[in-house]
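*Asks:* Given the sequences, and given the hints that come with them, work out the whole structure.
So the sequence lines, in the order shown, correspond to chains Y and D.
Those letters in the first sequence? Residues 1 to 125, by the UniProt record's numbering.
Those letters in the second sequence? Residues 1 to 613, by the UniProt record's numbering.
Keep in mind that the hints were calculated from the coordinates and are not lab data.
Certain hints may be false.
Stated by the list, open to error - Facing chain Y, according to a computed beta carbon distance under 8 angstroms, are these residues of chain D, among others:
{"hint": "1", "residue": "V16"}
{"hint": "2", "residue": "I17"}
{"hint": "3", "residue": "R20"}
{"hint": "4", "residue": "E284"}
{"hint": "5", "residue": "K285"}
{"hint": "6", "residue": "F289"}
{"hint": "7", "residue": "T292"}
{"hint": "8", "residue": "D293"}
{"hint": "9", "residue": "F296"}
{"hint": "10", "residue": "G297"}
{"hint": "11", "residue": "Y302"}
What the hints assert, rightly or not - As a list, the in silico DSS-like pairs of lysine-lysine whose alpha-carbon atoms are at most 25 angstroms apart:
{"hint": "12", "chain 1": "Y", "residue 1": "K56", "chain 2": "D", "residue 2": "K285"}
{"hint": "13", "chain 1": "D", "residue 1": "K58", "chain 2": "Y", "residue 2": "K56"}
{"hint": "14", "chain 1": "Y", "residue 1": "K108", "chain 2": "D", "residue 2": "K300"}
{"hint": "15", "chain 1": "Y", "residue 1": "K108", "chain 2": "D", "residue 2": "K26"}
{"hint": "16", "chain 1": "D", "residue 1": "K300", "chain 2": "Y", "residue 2": "K56"}
{"hint": "17", "chain 1": "D", "residue 1": "K154", "chain 2": "Y", "residue 2": "K108"}
{"hint": "18", "chain 1": "Y", "residue 1": "K108", "chain 2": "D", "residue 2": "K285"}
As the list claims (entries may be wrong) - Label-pair ranges, simulated between beta-carbon atoms:
{"hint": "19", "chain 1": "D", "residue 1": "H102", "chain 2": "Y", "residue 2": "P120", "range": "33 to 43 angstroms"}
{"hint": "20", "chain 1": "D", "residue 1": "T14", "chain 2": "Y", "residue 2": "F18", "range": "41 to 51 angstroms"}
{"hint": "21", "chain 1": "Y", "residue 1": "S117", "chain 2": "D", "residue 2": "S92", "range": "43 to 53 angstroms"}
{"hint": "22", "chain 1": "D", "residue 1": "T357", "chain 2": "Y", "residue 2": "S117", "range": "28 to 38 angstroms"}
For glycine and all other residues, C-beta sits at the position ideal for the given N, C-alpha and C.
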Amino acid sequence: MTSSGEATGLEASMDVQFTLIRELKPGMKNLRLVFIVLEIGRPNVTKENHEVRSVKVADRSGCINISLWDEPGQLLQPGDICSLNKGYVSVWKNCLTLYVAKGGELQKVSEFCMQFSEQPNMSEP
Amino acid sequence: MTNERPITSRLFTTSVIEGRVELDEKYDKAYNSVISLTRGLSEEESHHALNKALDDRKVHDELCLGLLVSILADSSIASRHYHDLTLVSRDSLKVVTETLIHQIIGERFSRLSESTRRQLLWLVRELVKTGINNVEGVVWCLLRQIAGGDVSAKNVWLAESLVDILRENRPWLDKFPVIVASVTYTYLRILEDHSGPQFAGLRQKEVTFVVGLLRERFQDCLMIGRDLVRLLQNIAKIQEIEAFWRDLIHNPTSLCPGFTGILQLLQTRTSRRFFVVRLTPEMEKKIVFLCTDVKFGMQKRYQEWFQRQYLNTPESQTLRCDLIRFIIGCIHPSNEVLCSDIIPRWAVIGWLLSSCTSPVATANSKLALFYDWLLYNTETDNIMNIEPGILVMYHSMRPHPVLTTSLLDFICRIIPNFHPPLADKIRAGVHNSLRQILEKRVVQSLEPLFDNRHMDVELRKLIRETFPEFCANSVMGEVKHDDFVAPVSSQSVTTMDLLAETGLDFGASAVNSDSEVNNSNHIGGMEEAMFSEDEEEPPAQKPPPPPVAKIKVEENPVTPPSPVAEMEDVKPKVNDVNSVEEKVDLSKHLEYLENDMKTIILDLQNEKDTKQR
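*Replies:* Shown next, in the form of structure tokens:
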């Protein structure tokens with residue numbers, strides 16, 4: 001779950017502002033985002049018996065898939081609006097994917113009342 | 001990988017994704033100041049300590065808050081702390097009631113832990129018993145939290161707890177006419193949900209209580225207006241309600257001197273506050289968001305989420321009427337919204353009507369849609385309450401013709417059947433509505449609806465008989481365009497119409513240029529929504545975008561299979577071209593439509609919904 005690629009000087013200063021999904025590029029980390037959950041994928045069970053889910057999330061600028069481990073993936077519902085800090089993006093199986101770094105936090109803040117766009121889909125290969 | 005950090009809250013439920021709320025810090029601080037001040041002291045010593053500290057206003061507020069938190073969090077000490085509160089409060093518990101109304105109950109009710117909720121009701125009972133200032137506001141907030149269509153244990157418990165408090169404190173309740181009316185409205189409505197055998201005991205309690213209010217405080221209940229009749233009709237099978245109904249019809253003055261009868265009630269428009277009291281703040285927030293912030297064409301996911309959360313069970317279908325009445329009566333969009341590309345009210349209502357899974361609820365929802373038509377009075381009624389009705393019919397003609405025909409059928413039949421002794425008045429009311437609709441140019445003409453030669457012959461006859469003055473008797477009955485015959489001839493336009501046909505998500509109609517119909521672009525007018533003529537409108541009527549672009553916006557692929565499957569579950573009789581064959585190739589349907597559309601529609605129209613009352 002480590003981020004691939006090193007952070008550049010520019011990206012290191014990102015942790016204070018919110019990033020739009022459309023702006024995400026591989027290697028970015030320390031990200032703060034706010035998004036709404038569109039779809040929750042079925043869980044895959046890892047060798048260590050963790051559940052991993054691919055969750056499609058979106059903000060006004062676009063959508064992306066986030067990989068969620070265990071409880072957060074179990075608890076979230078489509079329509080939940082979440083705040084993420086210490087997110088990072090990386091390419092997995094050719095698709096840009098969002099992750100929660102160790103020490104990062106995904107919190108549900110609200111439901112439903114957020115405009116979003118499903119284009120562009122940043123996780124499209 | 002999971003974060004270990006203290007996420008517990010005294011009052012709220014928490015989880016890995018929902019930690020403490022912002023208020024928790026404030027509450028904990030307040031709680032701690034109370035505890036530290038009174039720990040180990042006897043009751044009398046506590047009072048002394050508290051009183052001394054309260055000289056400072058800020059400290060007063062914090063200590064009252066702390067006592068409140070303690071009462072809600074800890075049943076073992078609640079009595080004592082309530083007693084403390086009543087003795088030491090210098091503002092008649094204003095901090096307490098305001099915190100309850102705006103913070104605890106307001107929008108966080110669903111996050112209260114179960115024990116907090118129990119304590120809350122315990123406290124409200126004490127507040128009511130003590131007759132604390134403003135507790136009626138707290139009660140009103142709690143009424144809203146009794147969710148319509150929800151027969152979960154949690155919700156039923158709330159309904160029962162509250163009715164017990166109110167029953168035990170009638171003299172208190174009687175002092176507040178608005179609360180009497182709101183309570184009556186709520187419990188008449190909720191009784192509809194408590195029809196199952198497992199609710200027999202609760203139902204009896206509620207019936208006895210609400211009929212007591214109706215008979216003893218009828219002058220207060222009168223303020224509800226016409227929707228009182230609607231609610232009574234929905235539970236008219238209950239013996240005591242039926243008895244009350246008989247008195248209402250045949251012996252009105254026995255209920256209240258000066259009450260002339262049901263007509264008086266029906267002529268009184270129901271205030272918004274009653275529509276509001278039947279939606280939880282959460283539901284309200286979401287429906288308002290849907291109607292004011294979601295673009296037409298983008299509503300599908302929001303509707304799915306809303307449906308999944310609130311409309312997913314057989315018992316929950318009753319909520320649709322509450323939603324429709326709320327949208328009609330409380331969401332009156334500004335001209336700015338009306339002129340924008342936000343999903344119009346009629347489309348949201350169309351969705352609520354067409355996704356209903358219960359025939360009874362569907363019939364009641366149609367009545368809810370047309371309810372303000374029945375005795376429409378230009379002086380006292382509002383055009384915004386009748387506009388959605390005509391527009392649902394209009395805009396459903398192409399994508400969902402069966403909805404239009406069933407609504408037309410409904411409005412014709414309701415006139416003699418709603419309340420036969422008043423048939424003439426109701427006829428006049430509906431005619432009034434139509435006249436207003438034409439006058440204000442909500443639609444330019446009723447011809448496409450009333451004089452449509454492609455419509456079922458029987459229905460056309462019924463319309464002519466019901467609305468002769470709105471039907472052309474001249475040969476000029478020839479309809480210019482916007483028939484039931486789908487105008488599809490080219491593939492590109494067809495794809496979009498089919499999406500609407502099968503998805504029935506009212507997303508396509510905005511795209512069709514119905515030049516006879518004034519679409520969502522209403523321009524002009526200050527207070528009243530005024531509707532301009534088509535010619536004056538800017539070309540904001542977007543031409544249908546190339547289907548490829550449009551489809552990209554919808555995140556589902558174009559092929560009909562999933563919406564069809566949905567619709568098959570929901571409504572077997574829907575005019576769904578695809579309902580006969582299941583998952584089919586789009587291109588096959590193009591031909592199907594071109595050749596057989598008329599026949600299909602006529603066939604399906606002969607299966608039309610009959611009004612269920």
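*Asks:* For a C-alpha distance cap of 25 angstroms, please report whether K56/Y and K285/D respect it.
*Replies:* Given pair K56/Y, K285/D holds - Cα atoms ~24 angstroms apart, limit 25 angstroms.
*Asks:* When you check the alpha-carbon spacing of K108/Y and K26/D, does it fall within 25 angstroms?
*Replies:* holds, 20 angstroms
*Asks:* Given the hinted pair K108/Y and K300/D, is their Cα-Cα distance within 25 angstroms?
*Replies:* At roughly 22 angstroms apart (the allowed maximum being 25 angstroms), K300/D and K108/Y satisfy the hint.
*Asks:* Holds or violated: 28 to 38 angstroms for the Cβ distance of T357/D and S117/Y?
*Replies:* Check passed, 31 angstroms falls within 28 to 38 angstroms.
*Asks:* For K108/Y and K285/D, compute the direct alpha-carbon distance and say whether it is at most 25 angstroms.
*Replies:* Cα-Cα ~17 angstroms, so holds.
*Asks:* Starting from the hint 41 to 51 angstroms, judge whether the C-beta atoms of T14/D and F18/Y obey it.
*Replies:* violated, 24 angstroms
*Asks:* Given R20/D as an interface hint, is its Cβ closer than 8 angstroms to any Cβ of chain Y?
*Replies:* For R20/D, the interface hint is violated, since the closest Cβ of chain Y sits about 10 angstroms away, which is over 8 angstroms.
*Asks:* Within 33 to 43 angstroms or not, the Cβ separation of H102/D and P120/Y?
*Replies:* holds, 41 angstroms
*Asks:* Does K56/Y lie within 25 angstroms of K300/D when you go C-alpha to C-alpha?
*Replies:* holds, 16 angstroms
*Asks:* So, D293/D near chain Y? Judge it on the closest CB pair being under 8 angstroms.
*Replies:* holds, 6 angstroms
*Asks:* Does G297/D pass the interface check with chain Y, least Cβ-Cβ distance below 8 angstroms?
*Replies:* violated, 12 angstroms
*Asks:* Does K108/Y sit within 25 angstroms of K154/D, going by the straight-line distance between their CA atoms?
*Replies:* Holds, at about 23 angstroms.
Violated hints, listed in ascending order, are 3, 4, 7, 9, 10, 13, 20; each of the other numbered hints is respected by the structure.
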